[in-house]
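There are 2 protein chains.
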Amino acid sequence: MKYGFSHRVRYLKSSAVRDILKVVNKGNVISFAGGLPDEELFPVEAVQQAFSKAIGSGNKALQYGETEGVSELREHLAHRMAEKGIHRSSDNILVTSGSQQAIDLFSRIMFNPGDIVLTENPTYLAALQVFESYEVDVVAVDSDDEGMLEADLEEKITQLKPKCIYVVPTFSNPGGKVWSLERRKKLLEMAKKYHVVIFEDDPYGDIQFDQETTPPPIASMDDNQFVLYTSTFSKTVVPAMRIGWIVGPHQIIRLMAQAKQASDLHTNSISQHALVHLLNDFDLDGHIQTIRNTYHERMLVMKGLLDEVKIDDLTYLTPKGGMFFWVNMPKHINTTELLTTAVDQGVAFVPGAPFYVSDPEQNTMRLNFTNATPDLIQLGMERLVKVINQHQYETIN
Amino acid sequence: MKYGFSHRVRYLKSSAVRDILKVVNKGNVISFAGGLPDEELFPVEAVQQAFSKAIGSGNKALQYGETEGVSELREHLAHRMAEKGIHRSSDNILVTSGSQQAIDLFSRIMFNPGDIVLTENPTYLAALQVFESYEVDVVAVDSDDEGMLEADLEEKITQLKPKCIYVVPTFSNPGGKVWSLERRKKLLEMAKKYHVVIFEDDPYGDIQFDQETTPPPIASMDDNQFVLYTSTFSKTVVPAMRIGWIVGPHQIIRLMAQAKQASDLHTNSISQHALVHLLNDFDLDGHIQTIRNTYHERMLVMKGLLDEVKIDDLTYLTPKGGMFFWVNMPKHINTTELLTTAVDQGVAFVPGAPFYVSDPEQNTMRLNFTNATPDLIQLGMERLVKVINQHQYETIN
Numbered sequence: 001m002k003y004g005f006s007h008r009v010r011y012l013k014s015s016a017v018r019d020i021l022k023v024v025n026k027g028n029v030i031s032f033a034g035g036l037p038d039e040e041l042f043p044v045e046a047v048q049q050a051f052s053k054a055i056g057s058g059n060k061a062l063q064y065g066e067t068e069g070v071s072e073l074r075e076h077l078a079h080r081m082a083e084k085g086i087h088r089s090s091d092n093i094l095v096t097s098g099s100q101q102a103i104d105l106f107s108r109i110m111f112n113p114g115d116i117v118l119t120e121n122p123t124y125l126a127a128l129q130v131f132e133s134y135e136v137d138v139v140a141v142d143s144d145d146e147g148m149l150e151a152d153l154e155e156k157i158t159q160l161k162p163k164c165i166y167v168v169p170t171f172s173n174p175g176g177k178v179w180s181l182e183r184r185k186k187l188l189e190m191a192k193k194y195h196v197v198i199f200e201d202d203p204y205g206d207i208q209f210d211q212e213t214t215p216p217p218i219a220s221m222d223d224n225q226f227v228l229y230t231s232t233f234s235k236t237v238v239p240a241m242r243i244g245w246i247v248g249p250h251q252i253i254r255l256m257a258q259a260k261q262a263s264d265l266h267t268n269s270i271s272q273h274a275l276v277h278l279l280n281d282f283d284l285d286g287h288i289q290t291i292r293n294t295y296h297e298r299m300l301v302m303k304g305l306l307d308e309v310k311i312d313d314l315t316y317l318t319p320k321g322g323m324f325f326w327v328n329m330p331k332h333i334n335t336t337e338l339l340t341t342a343v344d345q346g347v348a349f350v351p352g353a354p355f356y357v358s359d360p361e362q363n364t365m366r367l368n369f370t371n372a373t374p375d376l377i378q379l380g381m382e383r384l385v386k387v388i389n390q391h392q393y394e395t396i397n
Numbered sequence: 001m002k003y004g005f006s007h008r009v010r011y012l013k014s015s016a017v018r019d020i021l022k023v024v025n026k027g028n029v030i031s032f033a034g035g036l037p038d039e040e041l042f043p044v045e046a047v048q049q050a051f052s053k054a055i056g057s058g059n060k061a062l063q064y065g066e067t068e069g070v071s072e073l074r075e076h077l078a079h080r081m082a083e084k085g086i087h088r089s090s091d092n093i094l095v096t097s098g099s100q101q102a103i104d105l106f107s108r109i110m111f112n113p114g115d116i117v118l119t120e121n122p123t124y125l126a127a128l129q130v131f132e133s134y135e136v137d138v139v140a141v142d143s144d145d146e147g148m149l150e151a152d153l154e155e156k157i158t159q160l161k162p163k164c165i166y167v168v169p170t171f172s173n174p175g176g177k178v179w180s181l182e183r184r185k186k187l188l189e190m191a192k193k194y195h196v197v198i199f200e201d202d203p204y205g206d207i208q209f210d211q212e213t214t215p216p217p218i219a220s221m222d223d224n225q226f227v228l229y230t231s232t233f234s235k236t237v238v239p240a241m242r243i244g245w246i247v248g249p250h251q252i253i254r255l256m257a258q259a260k261q262a263s264d265l266h267t268n269s270i271s272q273h274a275l276v277h278l279l280n281d282f283d284l285d286g287h288i289q290t291i292r293n294t295y296h297e298r299m300l301v302m303k304g305l306l307d308e309v310k311i312d313d314l315t316y317l318t319p320k321g322g323m324f325f326w327v328n329m330p331k332h333i334n335t336t337e338l339l340t341t342a343v344d345q346g347v348a349f350v351p352g353a354p355f356y357v358s359d360p361e362q363n364t365m366r367l368n369f370t371n372a373t374p375d376l377i378q379l380g381m382e383r384l385v386k387v388i389n390q391h392q393y394e395t396i397n
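As they're listed, the protein sequences go chains A and B.
Residues 1 to 397 (the UniProt record's numbering) are what the first sequence spells out, left to right.
Residues 1 to 397 (the UniProt record's numbering) are what the second sequence spells out, left to right.
A few of these clues could be false.
All copies of an identical chain are treated as equivalent in the list; a pair is satisfied when it fits inside any one copy or across any two copies.
Distance condition first, Cα-Cα at most 30 Å in a straight line; then the derived DSSO-like pairs of lysine-lysine [claimed, not checked]:
(1) K2 <-> K193
(2) K2 <-> K185
(3) K331 <-> K303
(4) K193 <-> K161
(5) K320 <-> K60
(6) K2 <-> K186
(7) K163 <-> K186
(8) K84 <-> K192
(9) K84 <-> K2
(10) K192 <-> K2
(11) K386 <-> K303
(12) K156 <-> K2
No lab work stands behind these hints, which were simulated from the structure alone.
The structure displayed is predicted, hence computed values, not measured ones.
When you get a sec, could you build the whole thing from the sequences and use the hints?
Structural data, given as structure tokens:
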């Protein structure tokens, strides 16, 4: 039978990143492709105890729960948000099945086909996929290493009347950059001036490498009118729990909860109760410091090896946190073509092109440094450099 | 600030059932309102062991997982489906965050605004909410206690060209009825003749009270072309895990997986791995038999008390399984009005009207018999009968 699907299936495609992951999980490939935390750092014992307590705490914890999330967890989240300068009561918080669901539910209640969303370029691939599935027109704003450029931002706001500006201002995926305080303030100022909602996606904010102060979240400068802020425990506890949250104006959060009720009733509440016990009993902030130190060390190992590559025009930004190097190769190198050879040689990365909203730069790549030990980073980078050099040689000759 | 929302927020409303639940969870009300399984029957020890094994089985189980679901779980599901006569390989199965998400993801890939879905009347409230949120026109087909009536079904298919027929043919919510074999066959025949997809929602199929054979699922008569079949572990293990699944034509399942990837990446995989261990180690079918026996006994207690109500024109169908009595009161009784008095008197139910697609019958109510002990059913029914008699008296005088 020939099925009649919705128009929106045109915009659904399997993520390039995840399709690559499927391939490289097989065999002997060292992967810098995924955005995976290192599972050796998972606090397994604490997670084990937290789940045991949650399941043993009474049968009510195993029953259907409230769509908004387990109230004790929302209280913990309100407290943790306040520590970041985001002072909101727990009824401005919705627990979601990972922060991916926060992007989806927000899109569901906000966007009609043809609405405009402004983003950085490149930006988070899976957010682009959600926006496109709601038939939104995504438009890139010119940016540099400090964030969006004011002139282009204002021009695009006034000309295109966007409904939302989506940003990952701290240790972005894929770019790895950090917006300056000034640019954060400027963005919020524009949002207020022209009445546009900012969606601040912050999955990596806790993964900071140096003692230097990272500028505060944009949401911390807002009086809970213009900024939605989302984050996740996937990078700091474990991804398999699928627990994220979103904080913002109550009217928006309430509509998102109603959309969530239709979507999946509520987030897995065994995991939510377990997280409450984990936050009560476990030194999560100490654990986060261990993650920071480990990833910082790995970043430096990869940086050292990148610095040894003897190719002109290879540039990158040294990440101050997060999980990724964003590498610009010489213009004549197409990283999508390079990937096939690389996988044959036992190393994987993500070509940069799919992360672009428009004008993809084919010579870019994203390298993850969190999911391999320093030894494997060494070996993988040796393989990668060999592939690049060989490609250089073949291209020149 | 005044926010601009999507058109679809018009169709989002908090479920009446869940709003009532919030009220009755407070205080001393005996609730026949919810669709909750009895938490005293939860296999807590087995769940505890299963989660402990899952978390201890290696850090990979706590990492990001595949959108389609944990492969061992899909193998188990394929096996369990085959036992119901639904023979499908595991790549025709998608694990979802409860069967609610299966309805949502299916709707997302199938429906454009203005598409038609045919349903029974009354039908599952939260499915109606999903369909409406996709701006679908839901149209009721005339039905009796055995299922949809052939003449009206064919007329509505040929006139309205629906994209889908949504049914809960076994121990339906709210009606509690079971479609006959003949009507199941007839529905599939119509679907084949006119190329319409059937969505068979079967959350209660396992909760059968007598030894008499229940007609097989409609999906078991299909060659995996016309029927999507969804079910859940919420009624047989625990709801808090939020694990459901959907089985159907690969092309549809694949698109739903892509929609799921954008929606929440994947279902909580700690719960999925735990379920694999539970299905390996625990006698789930024996446990389901205990649930059946307990609920059967409670149903009989409630039936006995309903039979004692001295009101003419009170009718109901004796449930052969599932969780609900669907009661028709005398025409002059409006159950929505009755509810306020009932809650004041310490008993709650769900008025029937919201379950109707059209022509709501205001004198209907749904009574859940699974979430209260026989003693509480006795006490609650005494309160309810008192409220009804009082209302009768007031209405007549």
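Now for the hints, and whether the structure bears them out:
Taking the shortest alpha-carbon separations for K2 and K193, only the inter-copy value of 13 Å comes in at or below 30 Å, while the best intra-copy value is 50 Å. Proximity of K2 to K185 under the C-alpha cut-off of 30 Å is restricted to the inter-copy arrangement: shortest distance 21 Å between copies versus 52 Å within a copy. Taking the closest pair of Cα atoms, K331 and K303 come within 30 Å of each other only inside a single copy of the chain (21 Å); across copies the shortest separation is 78 Å, beyond that limit. In the homo-oligomer, the alpha carbons of K193 and K161 lie at most 30 Å apart inside one protomer (12 Å), although the nearest pairing across protomers, at 48 Å, exceeds that limit.
Taking CA atoms no more than 30 Å apart as the test, K320 paired with K60 passes between copies only; the shortest distance there is 27 Å, against 43 Å inside one copy. With identical chains, the CA atoms of K2 and K186 are at most 30 Å apart between copies only, with a shortest distance of 21 Å across copies and 51 Å within one. Taking the shortest Cα distances, K163 and K186 sit within 30 Å of each other inside one copy (18 Å), while across copies they are farther apart (48 Å). For the homomeric pair K84 and K192, the shortest alpha-carbon distance inside one copy (21 Å) is at most 30 Å, but the shortest distance between copies (58 Å) is not.
Taking the shortest Cα distances, K84 and K2 sit within 30 Å of each other only across copies (26 Å), while inside one copy they are farther apart (52 Å). In this assembly of identical chains, the alpha carbons of K192 and K2 lie at most 30 Å apart only when taken from different copies (12 Å versus 49 Å within one copy). For the homomeric pair K386 and K303, the shortest alpha-carbon distance inside one copy (16 Å) is at most 30 Å, but the shortest distance between copies (77 Å) is not. For a Cα distance limit of 30 Å, the shortest separation of K156 from K2 across copies, 21 Å, qualifies, whereas the shortest one inside one copy, 42 Å, does not.
Violated hints: none; the structure is consistent with every hint.
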